[in-house]
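Trainee: Listed here are the chains, written in short residue letters.
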Amino acid sequence: MKVDFNHIQSAHCENGVTTNLLRHAGIDGITEPLAFGMGAGLFFIYIPFLKVNHGPAFSFRTMPGHIFKRTCTSLHIPVTRKKFSSPAKAMSHLDGLLSEGQPVGCQVGVYYLSYFPKEYRFHFNAHNIVVFGKEGDEYIISDPVMETETRLTNYELQRVRFAKGPLAPRGQIYYPSPKSTLPDEETIAGAIKSGIRWNTKMMLHVPGGIAGISGIKYTARMVSGWRDKLGVKKGGQYLAQLVRMQEEIGTGGGGFRFIYAAFLQQAHDYHKHDSLLRASEEFTNAGDLWRSAAVQSAGIYKGRITDQADFDVVRDQLLQIAEVERSAFKRLKSIKWAK
Amino acid sequence: MKKKDLPQDESKLDDVTRELCYAQDEEGNYTTDLSKGWEVKAKALDVAWKDIKERTDEARSKVERGEASPVLFFMESRLMDLPILAGYTGFWQWTIKRHLKPEIFKKLSQKKLQKYADAFDVSVEELKHMRIDES
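Sequence order for the protein chains is A and B. Everything in the first sequence is counted per our numbering, starting at 1 for the first residue and increasing by one. Everything in the second sequence is counted per our numbering, starting at 1 for the first residue and increasing by one.
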């Protein structure tokens with residue numbers, strides 16, 4: 001059995017699953033950038049108590065699952081979400097939904113994802129795919145970061161759905177209600193507004209100093225200390241880790257900043273505020289700066305430049321990014337929304 | 001980023017997929033395009049794998065010198081740390097720490113060895129003798 005489902009590639013997995021599932025439910029016009037923006041996807045956080053691959057943990061986006069949830073909620077679309085303790089039940093429940101013609105979003109771990117190249121398979125558990133068919137022992141998969149649809153055997157799918165470690169998926173599935181009502185223009189405009197407001201709050205006002213704009217600044221100061229504290233080699237490895245979180249598969253480049261800039265351009269179609277376009281330019285600038293910082297970092301982890309001054313350049317680049325993003329979010333905050 | 005500046009460098013994704021990226025066209029409007037890869041991040045991935053290789057090699061020599069049990073070697077080669085291995089085996093982290101000692105590992109029951117073997121995707125024999133199929 002195979003559900004009639006349109007696989008469209010996206011930059012980021014959760015955006016892609018969200019837009020593809022919504023389109024299947026008959027809701028067109030929610031592009032990837034719109035889903036990302038309504039879902040208040042842009043973020044920055046350094047997570048001090050977590051180690052990833054023996055290095056520091058950063059994220060350039062919001063918590064896994066939140067983009068889908070916020071986007072659907074703000075469009076008034078009911079969502080079904082379920083976790084399982086038994087793998088067998090998790091698989092048979094999935095089969096049941098497929099036979100009803102429902103494509104299903106699944107949270108999976110990447111480590112055992114057989115169609116990924118080996119070099120990309122880390123223990124990262126917040127990947128999202130859509131399962132939309134089954135033929136014999138094989139499931140038909142729409143992985144939004146892949147150009148074409150792929151397949152996993154029953155055993156492989158079960159294993160990635162029950163990957164272990166931080167953010168373990170526990171077989172989680174989710175899908176928007178098939179009887180969703182089409183959101184009108186006003187609802188979409190409202191969802192855009194609330195996404196921007198929430199994102200502004202997250203980036204400017206989360207206390208604690210490790211998240212949002214202050215998180216970027218915190219990281220900047222930390223980076224300049226890595227050479228003394230860890231040595232050139234380890235410091236370089238940490239920088240490489242930061243670059244991977246920022247640029248690797250699924251960010252759309254520049255740590256999601258370009259997707260957000262695209263979102264603000266599209267938001268302008270619904271809200272005629274020039275601030276949206278100006279903020280979009282600022283996020284383009286921020287994305288470009290993130291990429292310049294990556295180039296500078298690459299010089300360090302390639303061993304080409306190794307001085308403290310070189311680490312300090314990265315620090316200054318990050319501090320500059322923090323200022324650019326602060327100004328952009330302040331601009332968004334100051335918008336006087338017409339209801 | 002302008003669309004014309006989108007890097008098309010070699011990467012480990014060659015022949016698997018290309019990545020969708022957001023970039024601006026000549027008028028400054030955002031659009032999407034596919035990228036084969038970017039040298040800067042390909043190198044970052046290399047750095048990560050070089051570190052994994054070094055850690056695995058070091059673990060192997062530790063086991064050979066009798067300073068650690070094969071669990072350490074497989075943990076490193078499977079990119080796991082204590083919390084992840086605890087998740088896959090169901091053992092407590094402190095239990096695993098004990099099992100990292102060769103003398104305690106030698107006394108483990110078949111059942112416990114099997115749990116490690118399953119987590120590492122190897123047979124119990126391969127686990128005990130630190131053999132690994134690199135494919």
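Wrong hints could be hidden among the right ones.
[Claimed, not checked] In silico negatives: residues of chain A with every beta carbon more than 10 Å from chain B:
# : residue
1 : Lys51
2 : Gln158
3 : Ala189
4 : Gly236
5 : Glu248
6 : Ala261
7 : His273
8 : Arg291
9 : Ala298
[Stated by the list, open to error] List of simulated lysine-lysine pairs, DSS-like, C-alpha gap at most 25 Å:
#  : chain 1 : residue 1 : chain 2 : residue 2
10 : B       : Lys36     : A       : Lys51
11 : A       : Lys51     : B       : Lys62
12 : B       : Lys115    : A       : Lys89
13 : A       : Lys118    : B       : Lys43
14 : B       : Lys101    : A       : Lys118
[As the list claims (entries may be wrong)] Selected chain A positions facing chain B (in silico; Cβ < 10 Å):
#  : residue
15 : Val3
16 : Asn6
17 : Tyr111
18 : Tyr112
19 : Tyr120
20 : His123
21 : Ala126
22 : Ala220
23 : Met222
24 : Glu247
25 : Glu281
26 : Thr284
27 : Thr306
28 : Asp307
29 : Arg331
Simulated from the structure, these hints should not be mistaken for lab results. Please read all numbers here as calculations on a predicted model, not as lab measurements. Even for Gly, the Cβ is constructed at its ideal location relative to N, Cα and C.
Trainee: Look at each hint and say if it fits the structure.
Mentor: Consistency of the hints with the structure:
1. With a closest Cβ-Cβ approach of about 7 Å to chain B, Lys51 of chain A is found to fall inside the 10 Å limit, against its non-interface label.
2. Every C-beta of chain B lies more than 10 Å from that of Gln158 of chain A, the closest at about 13 Å, which supports listing it as non-interface.
3. Interface exclusion of Ala189 of chain A from chain B stands, the closest Cβ pair being 19 Å apart, more than 10 Å.
4. The claim that Gly236 of chain A is not at the interface with chain B is violated, since a C-beta of that chain comes within 10 Å of its own (minimum 7 Å).
5. Distance check on Glu248 of chain A: its Cβ comes as close as 6 Å (rounded) to a Cβ of chain B, failing to clear the 10 Å threshold; non-interface status is violated.
6. Residue-level check failed: Ala261 of chain A sits 6 Å from the nearest beta carbon of chain B, not beyond 10 Å.
7. With a cut of 10 Å on Cβ distances, His273 of chain A stays outside the contact zone with chain B, its closest approach being about 17 Å.
8. For Arg291 of chain A, the shortest C-beta to C-beta distance to chain B comes to about 7 Å, within the 10 Å cut-off, and the non-interface label is violated.
9. The claim that Ala298 of chain A lies off the interface is violated: its Cβ sits roughly 4 Å from the closest Cβ of chain B, which falls inside the 10 Å cut-off.
10. In summary, the hint linking Lys36 of chain B to Lys51 of chain A is not supported, as the alpha carbons are separated by about 29 Å, beyond the 25 Å threshold.
11. For the hint linking Lys51 of chain A to Lys62 of chain B, the alpha-carbon distance of about 23 Å falls within 25 Å, and the restraint holds.
12. Restraint check for Lys115 of chain B and Lys89 of chain A: the C-alpha separation of about 22 Å stays at or below 25 Å, so the hint holds.
13. Between Lys118 of chain A and Lys43 of chain B the alpha-carbon distance is near 16 Å, which keeps this suggested pair within the 25 Å criterion.
14. With a C-alpha separation of about 30 Å, the suggested pair Lys101 of chain B and Lys118 of chain A falls outside the 25 Å cut-off, and the hint is violated.
15. With 10 Å as the threshold, the beta carbon of Val3 of chain A stays out of range of chain B, its nearest partner Cβ sitting at about 22 Å, so the hint is violated.
16. Contact between Asn6 of chain A and chain B, as hinted, is not supported at the beta carbon level, the nearest pair being about 15 Å apart and thus beyond 10 Å.
17. Interface restraint check for Tyr111 of chain A: the shortest CB-CB distance to chain B comes to about 7 Å, inside 10 Å, so the restraint holds.
18. Here the hint on Tyr112 of chain A is kept, as its CB sits about 8 Å from the closest CB of chain B, short of 10 Å.
19. Proximity of Tyr120 of chain A to chain B holds as hinted, the smallest CB-CB distance being about 7 Å (cut-off 10 Å).
20. At its closest, the beta carbon of His123 of chain A sits 5 Å from a beta carbon of chain B; the interface hint therefore holds under the 10 Å criterion.
21. At its closest, the beta carbon of Ala126 of chain A sits 14 Å from a beta carbon of chain B; the interface hint therefore is violated under the 10 Å criterion.
22. A distance limit of 10 Å between C-beta atoms decides the matter here; for Ala220 of chain A the minimum to chain B is near 19 Å, and the interface restraint is violated.
23. The interface hint given for Met222 of chain A is violated, since its Cβ lies 18 Å from the closest Cβ of chain B, which is over the 10 Å cut-off.
24. Proximity of Glu247 of chain A to chain B holds as hinted, the smallest CB-CB distance being about 4 Å (cut-off 10 Å).
25. Below 10 Å, beta-carbon pairs count as interface contacts, and Glu281 of chain A has one with chain B at about 8 Å; its hint therefore holds.
26. Look at Thr284 of chain A: its Cβ gets to within about 7 Å of chain B, closer than 10 Å, so that hint holds up.
27. A least Cβ separation of about 14 Å between Thr306 of chain A and chain B goes past the 10 Å threshold, and the interface hint is therefore violated.
28. Taken as an interface hint, Asp307 of chain A does not check out: its beta carbon lies about 19 Å from the nearest beta carbon of chain B, beyond 10 Å.
29. Below 10 Å, beta-carbon pairs count as interface contacts, and Arg331 of chain A has none with chain B, the closest being about 18 Å; its hint is therefore violated.
The structure fails hints 1, 4, 5, 6, 8, 9, 10, 14, 15, 16, 21, 22, 23, 27, 28, 29 (numbered hints given earlier, in ascending order).
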